[in-house]
Structure formats: C-alpha cells, structure tokens
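**Q** Letter by letter, the chains look like this.
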Amino acid sequence: MAYLEARDRRDRVAEWVDRNAGKVFILPAVLTLLAFSLFPLLVSAYLTLTKLKFAAGGFTLRYVEWLNFKKLIFGSQQYHLLGTFDVFGIVDWLILGAIFALLLFFFVRYLIRPGTTVVGVVGRSVAFVVAGALALLLVATLGGGFPGSLVVTLFYVFAGVSVQFALALGLAVLCAQNIYGRNLFRVVFFLPIMVTPVGIAYMFRMLADTHKGPFADIWTWLGLADFSWAADPWTARIVVLIGDTWQWTPFMFIVLLAAIENQPRDQLEAARIDGAGGWQIFRDITWPAIAPVAATIVLIRLIEAYKIIDLPNVLTSGGPGIATESLTLHAFVAWRTQDLGGSAAVGYMLLFVATVTCLSFFNFAGRRTRRTEL
Amino acid sequence: MNIPERTLLRRLFLPYDITSMAPATKVLVYTLLVLWLLVVLFPLYWLFITSFKLPIQVNDGPDFIPFIDFEPSMHAWHYILFELGNDTLRPYINSVIVAFCATVFCVLIGSFAAYALVRIQYRVKIGNVLAFLALLGLTVFTVTSLGAPLFAAAPVAIILFVFFVAAVGRYFRRALGNDDILFWIISNRILPPVVVVLPVYLMFQRIGLLDTHIALIATYTAVNLPIVVWLMRDFFAGIPLDLEESAQIDGASRLRIFFTIVLPLARPGLAATSLLILILAWNEYLLALFISTADAQTMPMLVAAQNATRGPQWWYMSVLIVIMIAPIVLTAFLLQRHIARGLLVGAIKG
Amino acid sequence: MRVRMIDVRKSFGQNEVVKNLSLDIADGEFLVLLGESGCGKTTALRMVAGLETVSGGTIEIGDQDVTNVLPKYRNVAMVFQSYALYPHMTVAKNIGYPLKLRGTPAAELDAAVRAAAEKVHLEDLLHRYPRQLSGGQRQRVALARAMVRTPSAFLMDEPLSNLDAKLRIAMRVELKRLQSELGVTTIYVTHDQVEAMTLAHRVAVMDEGVLQQVAPPKEIYDDPANLFVARFIGAPAMNIVKGTVEDGTFAVPDGAVSLGSIAARGDVYLGFRPEDATLAPADEAMLRARIYSTEMTGNETIVTCEMNGEQVVVRADKDYEGTLDAAVGIDLDPGKARLFDCDNGRRIRR
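Chains as they are written, first to last, in my numbering: chain A, 1 to 374; chain B, 1 to 350; chain C, 1 to 350.
None of these hints come from the bench; they were simulated from the model. Check each hint, because a few of them may be wrong.
What the hints assert, rightly or not - Simulated restraints, written as ranges between beta carbons of each label pair:
1. Y45/B x P320/A: 26 to 32 Å
2. V64/A x I207/B: 22 to 28 Å
3. T117/A x D179/B: 27 to 33 Å
4. D284/A x G135/C: 35 to 41 Å
5. D179/B x E123/C: 45 to 51 Å
6. A152/B x W93/A: 57 to 63 Å
7. V64/A x V329/B: 45 to 51 Å
8. V64/A x S73/B: 55 to 61 Å
9. V24/A x A167/B: 22 to 28 Å
10. R10/B x A159/A: 56 to 62 Å
11. P320/A x L37/B: 31 to 37 Å
12. R206/B x A101/A: 51 to 57 Å
13. G120/A x A167/B: 48 to 54 Å
To be verified - Just some of the chain A residues that point at chain B, by a computed CB distance under 7 Å:
14. L207
15. G347
16. A354
Said to hold, decoys possible - As a list, the in silico SDA-like pairs of lysine to any residue whose alpha-carbon atoms are at most 25 Å apart:
17. K26/B x L174/A
18. K26/B x A166/A
19. K23/A x S253/B
20. K26/B x D284/A
21. K26/B x L268/A
22. K26/B x R283/A
23. K23/A x N128/B
24. K23/A x L101/C
25. K125/B x L41/A
26. K100/C x F259/B
27. K70/A x G137/B
28. K23/A x G169/B
29. K23/A x W184/B
30. K212/A x W46/B
31. K26/B x G278/A
32. K53/A x F151/B
33. K51/A x R206/B
34. K125/B x A21/A
35. K212/A x Y45/B
36. K23/A x L265/B
37. K100/C x V13/A
38. K176/C x V245/C
39. K23/A x A166/B
40. K23/A x E123/C
Built from N, CA and C at the ideal position, the CB exists for glycine as well.
Given the sequences, and given the hints that come with them, work out the whole structure.
**A** Encoded structure:
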C-alpha cells in the first residue's frame with residue numbers, strides 16, 4: 001500500500017485538518033462569540049462601575065463603584081428606570097399580599113415535595129424573588145404613579161407576546177382548515193415579518209394620524225379628530241404594541257401552522273371516530289401535539305421582545321416624556337447624553353431581567369410540554 | 001344507531017360530510033381570515049399609494065383609490081431616486097453589502113459549528129473554561145483600570161492560559177459535552193445587543209474600524225450566529241450517518257464531506273436559515289445606530305433619519321420604505337416554502 | 001488483500017461489545033460474520049473500515065498495521081444496509097464518487113463507471129437519481145460504487161436485508177459470482193444463516209462479542225464447536241436432548257442410543273439434525289415420543305414430536321401421515337449425533 005507511506009507535505013496538512021476536524025469546525029464560531037459576545041460582556045460589566053467620557057482621540061475612565069446602579073435604582077434616574085411610586089393604599093397591599101402568598105405557596109410546595117434539588121431551590125429562589133420584586137414595582141407604579149422603562153418593557157414583552165400568541169394560534173387553527181385560498185392567506189400573512197421595523201413605525205404613524213390618515217373620517221365622526229394619541233401615555237404605548245403585534249404575529253403564525261399541519265393524521269382520524277368535536281379535538285389532540293413548538297416559539301419571542309427599540313424610538317421617540325421608552329431605548333438615550341456608564345448599567349438590568357424570565361420560562365414550560373411526547 | 005334528522009338548523013351547524021365544514025363555521029372562518037388579510041394588507045397598500053401622492057393630496061386628508069380619488073404622481077420617486085441620487089444609493093448599497101456578507105459568513109460559520117456539534121463528540125474541561133474566564137477577566141481589568149496596553153496584556157494572558165492547560169489541565173475530570181456547548185452558543189441570543197454594543201463600539205474605535213462595512217458585518221455575524229446553529233443543527237442531524245461514513249470510506253476528508261454531501265443535502269434548511277438571517281441583517285437598527293454614523297450608514301438609518309431632518313414627509317418616506325421592502329419580499333417569495341419547514345424543524349427539536 | 005484482526009477489543013463505556021476477536025482472512029476469501037443482532041459483528045466490521053476506534057488489539061490490511069489509520073487511507077469499499085446512496089447525485093455520479101475523490105481524470109473515470117455499471121446491469125440507468133430507482137436497483141448502485149475501484153477489501157453490512165425475498169436470492173447468486181470474478185477479499189455481515197452458508201468460503205459465528213467458531217459452511221453445519229453454533233445453524237434447528245452417558249450408551253427416560261466406546265460421564269446434551277433421524281414404530285425404536293404437530297412443506301413433512309416435555313423435530317417423507325398425539329418412535333444415526341458438555345456447552349469429541 002504505497003499510498004500509506006507516500007504522503008507528501010500537503011497530504012499531511014490535510015490529514016492534520018481531518019484528524020482535528022472537531023477544532024477546525026467549531027473554532028470560527030467560538031472565536032466570533034468570544035470576541036463579540038463574551039469579551040464585550042465582561043468589559044461592559046466593568047464599564048457599569050465607571051464613568052466613561054469620550055476625549056480627543058479616545059476616552060477616559062473613572063472608577064465610581066456602584067454609583068451608576070445607585071443612581072438608577074435609588075437616585076436621580078430612579079424615575080426613568082423604575083418609575084415614580086405611588087403611596088400604597090389598602091387595595092395595593094391586598095394585591096401584593098395575594099401575589100406574595102401565591103409565590104410562597106409554590107415555593108413551599110416545591111420544597112416539601114419529593115425530588116427537590118439544590119439547583120431547583122436556587123433557581124426557584126431567584127425566579128420568585130425577581131417575580132416578587134417586579135410585582136412590587138408594578139403595583140407601585142401602575143396604580144397611581146408613573147411607570148419607568150423597566151415596567152414599560154415588561155408591558156411590551158408580556159402583553160405583546162400574549163396577544164401575538166393568541167392571534168397567531170387562532171389564525172393558524174383557521175388556516176389549517178380545509179379552505180380555498182389557503183396558500184394565499186399563508187403568503188400574505190407572512191408579509192409583515194419582512195418589513196423593516198423602522199418602516200412599520202412610520203407606517204403606523206401615518207395610519208394613526210387623525211387628520212391625514214385613512215381613518216380621519218372615523219376619528220371626526222367619533223369626535224376625536226383633535227385627540228392626540230401620542231400625547232397620552234397609554235394610547236401611545238398601545239400604538240407601539242399594535243405595531244409590534246402587526247410585525248411579529250406572522251412569525252408565530254407560520255410556525256404554529258406548520259406544527260398543526262404536521263401532527264399525525266391518524267390521531268385526528270381516531271379522535272373523529274371516537275366522536276370528538278372540533279373543540280375537543282383541538283384541546284385533546286392538537287394542543288398537546290403542538291405544545292412543545294408553542295413553548296419554543298414563545299421563548300424565542302420573549303427573548304427577542306426584550307430587545308425592542310425601533311418602534312418606540314421612531315413612533316413616539318419614547319414620548320410622551322418617557323412613557324413609551326423601552327430599556328434598550330433608555331440605554332440609548334443615556335448613551336446619547338454621554339452617560340456611558342449609566343447606559344451599560346441599564347443594559348445589565350435588561351440582561352438580568354431577560355435572563356431570569358427566559359430561563360424560568362424555559363425550565364417551567366419546556367419540561368411541562370414535553371411530558372406528552374412519545 | 002341514532003342518526004339525527006337534518007333539520008334546517010342542523011344543516012347550518014353540522015358539516016355536510018367529514019371533509020367539509022358546516023356552513024356557519026365556514027362563514028365564520030372566512031370572515032376572520034379575510035379580516036386579518038385586510039389588517040395585513042391595508043397598511044402596506046396605504047404605504048404604496050402614499051408613495052404616489054403629492055404633498056397636497058396627503059395633507060388634504062385621506063384619498064384611497066388611485067385615478068379615482070387622486071391622480072398618482074411619480075414626483076416622490078423621482079426625487080428620491082434621481083434628485084437625491086447618491087444619498088439614497090449609498091446607504092442602499094451599504095445595506096446590500098452588509099446584509100449579504102453577514103448572511104454568508106453567519107450561515108457558513110454557524111453551519112460549521114452546528115455540523116460539528118451533531119457529529120463530533122466534544123469534551124471541554126470545566127477547569128480550563130474557568131481558567132480561561134478568569135484570565136479574560138483579569139486581562140480586562142488590567143487593561144481598563146491599570147492602563148496596561150492590550151497588545152501586551154493579551155499575549156501574556158494567552159501564554160498563561162496555554163501553560164495552565166498544559167500543566168494542570170489533565171488533572172480535571174469534570175467536562176462539558178456537546179449539549180453544554182450548544183446551550184452556551186444559543187444562550188448568547190438572550191444577550192440584548194445594547195449590553196455589548198458599548199465595548200464593541202470602543203473596540204472598533206480603537207482599531208479604527210468604526211463606521212465601516214467590516215464592523216457591521218462582523219457584529220451582525222456574531223449576533224445572528226446562535227440562530228444559525230440552532231436551526232441548522234436539526235437539519236444536519238436528519239442526514240443519515242451512513243452517507244457520511246460511506247463517503248469517508250470512499251476517501252473523502254471531513255471538509256470534503258461537509259461541502260459535497262452534507263451541505264447539498266441540507267439545502268432546504270440553508271435556504272430558510274439564510275432568508276431569516278438576511279431579513280434580520282437587512283432590517284437591523286440598534287447596532288447600526290451605534291456603529292455606523294455616516295459612511296457605512298444603512299437603510300434603516302436613512303429611513304429613521306427622515307423624521308429628524310425634514311419632519312414627516314410621508315410621500316418620500318413611503319418611497320424609501322417600499323424600495324427597502326421590495327428585495328426582501330422578492331427573495332422571500334422565491335423561498336417561502338422552505339422557511340416554514342425550516343423554522344418548524346428547529347422549533348420541534350428545540 | 002489479506003485482512004487480519006489480532007486480539008481486537010471494543011468497549012462502549014462499561015459495555016464490551018467485541019471481546020478478543022482474532023480473525024485471519026486470506027486474500028480473495030469470502031468471510032461471513034454471522035450472529036444475532038447486537039452480537040458485535042457490525043462493530044467488528046466497522047473497526048476494519050475505520051469507522052470505529054479500536055479499544056485494544058491490532059488490525060492489519062495486507063501486512064500493514066492500519067489500527068489508527070483514517071478510513072480513507074485504508075482503501076476499503078463498504079456497502080451499507082441502507083445503501084447510503086447520495087440522494088443529490090445521479091447514479092453515474094454516485095458510482096464515480098470514490099474515483100473523483102482520488103482525482104481520477106474524467107475520461108478514465110467515465111470508463112470505470114461504465115464498466116462497473118455494466119457488471120451489475122445498470123448501464124441504462126446512469127442518469128437517474130436514487131429516488132427514481134427500485135430497491136434492487138439501488139442495491140446494485142451501491143455494489144457498483146464499491147467495485148468501481150480496486151479496494152483492498154469489500155466490507156458488506158447486511159447488504160441484502162432490505163430486499164424482498166425473491167430479489168434477495170437473485171442478488172445472492174449475483175454477488176457470489178461477482179466476488180469470485182473479482183477475487184477481492186470480502187467481509188460480509190449478516191444475521192441470515194442461509195446467506196452465510198450459501199455465500200461464504202468460511203463462516204465466523206459470533207455471540208455476545210465472542211467468536212464461537214470459524215470454519216467452512218459444511219464444517220460449521222456438520223461439526224459445530226459448541227451448543228450455540230449447533231442451535232444457531234440449520235432450519236429447523238438441531239435437536240438437543242438432555243441425558244446421561246453410561247456404558248457407551250446415551251440414556252433418557254424414554255429410551256437410549258448406543259454410541260459405541262465412550263467414557264461414562266454425568267449429564268450431557270445430545271444433538272442431532274432433523275434429517276439424521278427417522279420415524280419408526282414406537283416399540284422398536286431407540287427413542288419413544290408422541291406426535292405434537294405435522295407440517296407439510298411440499299417436498300417433505302416436518303414432524304414435531306414431544307419427548308419427555310422436550311420438542312424434537314424430524315424430517316419425514318412428504319407422504320408421511322401421522323395423527324396428533326399418536327405414539328411414535330425415533331431412530332437416529334449414532335455416527336452423526338453430537339455430544340455437548342452440560343456446563344460450558346463445548347463439544348465432547350469421541
């Protein structure tokens with residue numbers, strides 16, 4: 001076997017690559033992520049503890065310890081991140097008490113049940129503490145105070161994802177029926193995902209214009225022609241939410257539709273013969289079959305929804321005041337006002353909340369939905 | 001046997017046979033679907049016709065149907081495409097270059113990693129990972145607060161790490177497997193870009209690449225990499241191992257197998273993934289906002305800037321948005337069959 | 001080329017699937033590895049191919065140690081159970097792929113592909129894709145791809161098991177003819193003993209990772225080395241009856257067989273093939289039994305008898321008619337009966 005000996009240099013290089021294929025294949029991805037994700041993350045962690053200023057030809061750093069976080073949580077920027085707090089009334093206390101009791105109940109139930117693990121306890125502790133703190137914040141700001149960018153972001157994320165999921169599931173179920181023009185619906189419903197978020201923002205500004213928009217006559221008829229939705233915090237937030245929903249429902253729709261169409265036909269037929277009606281088929285056959293997909297798609301949307309910036313920035317520039325500012329936009333505003341350490345700190349708050357929510361959801365829903373899989 | 005009589009009411013609410021819907025259900029289903037069809041199409045329609053309106057037609061209140069309500073005019077198109085000319089063209093070309101290159105790099109690098117994670121067993125010692133993180137943290141600390149230059153600190157750190165692995169590495173037992181690596185790669189997507197954009201900005205500023213195509217391409221590649229790995233992994237896992245082993249015995253190297261057997265067989269997945277990354281890169285706003293200021297300005301920047309400079313001039317804006325949507329819609333129509341399947345596979349395997 | 005496995009072992013974690021396997025396969029020999037699924041035969045084959053690493057021992061191909069050599073340098077050709085055809089390549093491309101990897105010039109490659117295709121009668125299908133072929137045609141493409149170059153050895157992993165019964169017999173004949181024409185060393189893995197007997201020069205029987213016997217088919221059938229081989233080979237299988245040996249006679253409660261000179265010992269198993277026994281009137285025969293069932297297969301009648309709670313199968317003439325539960329006697333040829341040790345199952349030689 002001459003080829004075994006007569007391997008020249010080039011062959012030897014080729015063989016080295018072949019034998020070390022594992023490293024060769026994964027190295028580019030790992031290096032990219034190290035350079036643009038892990039390394040900046042660490043640098044950013046350091047920046048949150050500094051005051052950074054751009055100077056001629058570079059920048060200067062001054063170590064300020066926890067000042068940036070202090071300012072955001074207790075100091076001059078508290079109204080911006082957390083909001084303005086209301087004095088607690090009896091109703092507020094009752095709601096809070098109920099929420100805390102519920103959280104405590106679930107925690108204790110986990111502790112006394114068999115199969116408790118250290119990781120489980122730690123994870124749940126963190127998740128429940130964060131949930132409790134956010135509940136406190138929500139009650140404090142939504143009752144009578146004024147919500148900051150954290151609460152607004154949570155509103156975009158949770159209201160947005162729920163509405164989008166409900167709409168997408170409904171549409172997917174409708175579209176999976178035996179109907180004419182199915183492909184037309186499918187293609188058209190998919191369109192919004194391709195439109196630039198910035199474009200969507202302008203589009204909805206046009207549509208929502210009470211004088212020049214297409215619904216001007218309706219506004220006039222309702223006597224709201226001079227009403228400015230952009231000046232009212234809640235209408236402004238809802239317009240942002242509508243734009244976000246218009247854009248992201250298709251993504252969930254297309255995946256859920258594929259999941260519904262992918263479920264085994266024989267199960268459906270068996271259920272039909274057993275006498276199940278439309279709703280029962282959905283509840284007993286379709287939903288368990290698509291639940292893992294649904295959980296994954298909700299998780300993806302949760303992750304992406306936390307990053308919202310384009311819509312509020314262009315639609316309302318974060319206004320009125322800071323009413324529609326998301327955390328990312330807040331960080332950008334801080335950056336624009338040269339408060340770079342503060343910007344990084346806001347980013348870290350966002351990272352923390354997003355990570356805790358997404359991991360909790362992943363652990364909670366991921367396992368539950370997979371239980372029914374064969 | 002108890003077959004109900006078909007009264008008029010029953011006929012309305014019971015399906016005629018198993019393959020069709022009851023008339024009442026049918027009406028409801030179509031109504032809802034058409035309603036959403038309008039919700040989707042009307043904004044786009046409005047955008048489209050606005051691009052053919054004169055300022056006066058826009059300001060006078062709503063006109064709905066071209067040629068009947070108003071006389072369409074090409075003035076906005078003419079202004080954007082010819083009078084502004086280069087001011088529109090440059091961001092457009094920037095966007096094409098950046099989105100296309102980022103997609104190619106991202107899909108290529110991501111596919112490499114995804115394939116490797118499916119077919120090759122990794123064992124990464126936890127001790128080494130911790131050592132690496134510690135040295136990285138130390139490097140960041142010395143460079144940022146002690147003022148040590150990066151070009152000196154980085155090699156020292158790398159040499160220390162190599163020594164550490166060579167000397168102590170073999171004593172570690174606990175190791176991370178493929179699932180852990182995969183989880184780490186995918187979890188990078190949770191990271192909000194705003195957290196890393198500051199250091200990335202400073203990094204590019206240091207090496208003088210701020211506001212260049214390279215900076216944008218590199219960042220977009222990194223940000224979208226987790227999606228590629230996550231989606232492509234299941235496509236690769238679906239390829240029968242026999243095919244690759246057969247090729248291996250026939251004398252193909254790993255790289256050759258990857259390019260001549262694996263990639264062609266994963267074509268539907270590649271199409272879906274590429275389209276998704278293309279959309280994300282094409283529409284990206286936040287990172288461009290930080291990293292590109294003038295020369296490398298992309299289309300989303302140009303569109304967003306309209307507001308600030310000239311107030312809401314809807315007719316021009318509409319033209320810009322329409323020409324921005326057009327190429328993506330065209331690509332997507334060519335590939336739309338694949339994308340649902342592609343996303344589904346990823347979502348199912350999760 | 002000669003293929004040698006010397007003391008080869010393979011473990012997956014704690015689980016040792018191939019234990020100290022030594023085989024010496026001569027140049028041009030057709031060796032069949034036979035055993036039930038999970039006995040380690042496929043793992044052994046994959047180690048020769050280089051698709052599995054070896055936990056211990058040496059593998060040599062043509063006097064050269066290839067234990068740690070990558071598959072592509074071993075120059076072996078493999079046919080997979082699934083055929084492993086590349087779905088995105090035509091038949092011609094599939095067959096030519098191994099040559100293409102070796103950088104064979106186009107003209108030479110075409111000629112070789114054509115020649116290989118002609119050997120398996122595929123010359124009219126060269127431009128089809130695998131999905132357009134029937135099962136038998138696909139299997140022939142896989143063969144052609146193996147034969148297109150001159151490999152050191154053919155490795156076949158149950159190549160016929162995905163075909164239907166009729167086609168399998170036809171391909172078996174074809175395969176045997178091709179192998180003797182080409183004279184290439186062949187290792188063939190199967191669980192089908194008929195395939196093993198008909199194709200092999202020598203059969204290697206494996207059980208639970210241990211090689212039980214290597215011998216030509218006739219010897220395996222006539223002279224099994226132990227109980228496992230005796231039971232595994234032959235359909236219907238060899239009858240095994242438990243009894244004792246005293247005074248040169250094998251005795252059971254319902255009769256005795258005189259074996260000539262043999263040392264007395266305790267419990268032993270006596271094995272005899274269904275065709276080495278005949279049915280006789282109950283009172284004159286060596287063993288007494290009752291008829292349990294009769295099956296007429298066309299050219300013979302398989303009579304299953306029950307003797308002291310054990311089933312014994314005898315081949316009788318096709319016109320044999322027995323009534324169920326009737327008493328019957330069994331005579332057997334003592335020279336063809338085999339004795340096995342009760343404890344370790346080994347043959348007891350007389």
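**Q** Compare the structure with each hint and give your call.
**A** Now for the hints, and whether the structure bears them out:
1. Y45/B x P320/A: 26 to 32 Å: holds (30 Å)
2. V64/A x I207/B: 22 to 28 Å: For I207/B against V64/A, whose Cβ atoms are near 27 Å apart, the range 22 to 28 Å holds.
3. T117/A x D179/B: 27 to 33 Å: Given about 18 Å between the Cβ atoms, the range is violated.
4. D284/A x G135/C: 35 to 41 Å: With a Cβ separation near 39 Å, D284/A and G135/C satisfy 35 to 41 Å, so the hint holds.
5. D179/B x E123/C: 45 to 51 Å: For E123/C against D179/B, whose Cβ atoms are near 48 Å apart, the range 45 to 51 Å holds.
6. A152/B x W93/A: 57 to 63 Å: holds (59 Å)
7. V64/A x V329/B: 45 to 51 Å: Holds, at about 49 Å.
8. V64/A x S73/B: 55 to 61 Å: Given range 55 to 61 Å: holds, Cβ gap about 57 Å.
9. V24/A x A167/B: 22 to 28 Å: Given a distance of about 25 Å, which is inside 22 to 28 Å, the answer is holds.
10. R10/B x A159/A: 56 to 62 Å: Given about 41 Å between the Cβ atoms, the range is violated.
11. P320/A x L37/B: 31 to 37 Å: holds (34 Å)
12. R206/B x A101/A: 51 to 57 Å: holds (53 Å)
13. G120/A x A167/B: 48 to 54 Å: Cβ of G120/A to Cβ of A167/B: about 37 Å, so the range 48 to 54 Å is violated.
14. L207: This interface hint holds because 6 Å falls under the 7 Å limit.
15. G347: holds (4 Å)
16. A354: holds (6 Å)
17. K26/B x L174/A: holds (10 Å)
18. K26/B x A166/A: Holds, at roughly 21 Å.
19. K23/A x S253/B: Holds, because 15 Å separates the two Cα atoms, which is no more than 25 Å.
20. K26/B x D284/A: holds (22 Å)
21. K26/B x L268/A: Cα-Cα ~20 Å, so holds.
22. K26/B x R283/A: holds (20 Å)
23. K23/A x N128/B: holds (16 Å)
24. K23/A x L101/C: Answer holds: K23/A to L101/C is near 23 Å, not above 25 Å.
25. K125/B x L41/A: Cα-Cα ~22 Å, so holds.
26. K100/C x F259/B: holds (14 Å)
27. K70/A x G137/B: holds (23 Å)
28. K23/A x G169/B: With a Cα-Cα distance of about 17 Å, the restraint between K23/A and G169/B holds, given a limit of 25 Å.
29. K23/A x W184/B: The hint holds at about 17 Å.
30. K212/A x W46/B: Roughly 12 Å separates the two Cα atoms, so the pair holds.
31. K26/B x G278/A: Holds. K26/B to G278/A sits at ~13 Å (cutoff 25 Å).
32. K53/A x F151/B: With Cα atoms ~23 Å apart, K53/A and F151/B stay inside 25 Å; holds.
33. K51/A x R206/B: holds (18 Å)
34. K125/B x A21/A: holds (19 Å)
35. K212/A x Y45/B: holds (15 Å)
36. K23/A x L265/B: It holds: about 23 Å lies between the C-alpha atoms, which stays within 25 Å.
37. K100/C x V13/A: This hinted pair holds, its Cα atoms lying about 20 Å apart.
38. K176/C x V245/C: At roughly 44 Å apart (the allowed maximum being 25 Å), V245/C and K176/C break the hint.
39. K23/A x A166/B: Roughly 17 Å between the alpha carbons, so the hint for K23/A and A166/B holds.
40. K23/A x E123/C: violated (43 Å)
Hint violations for this structure: numbers 3, 10, 13, 38 and 40, all remaining hints satisfied.
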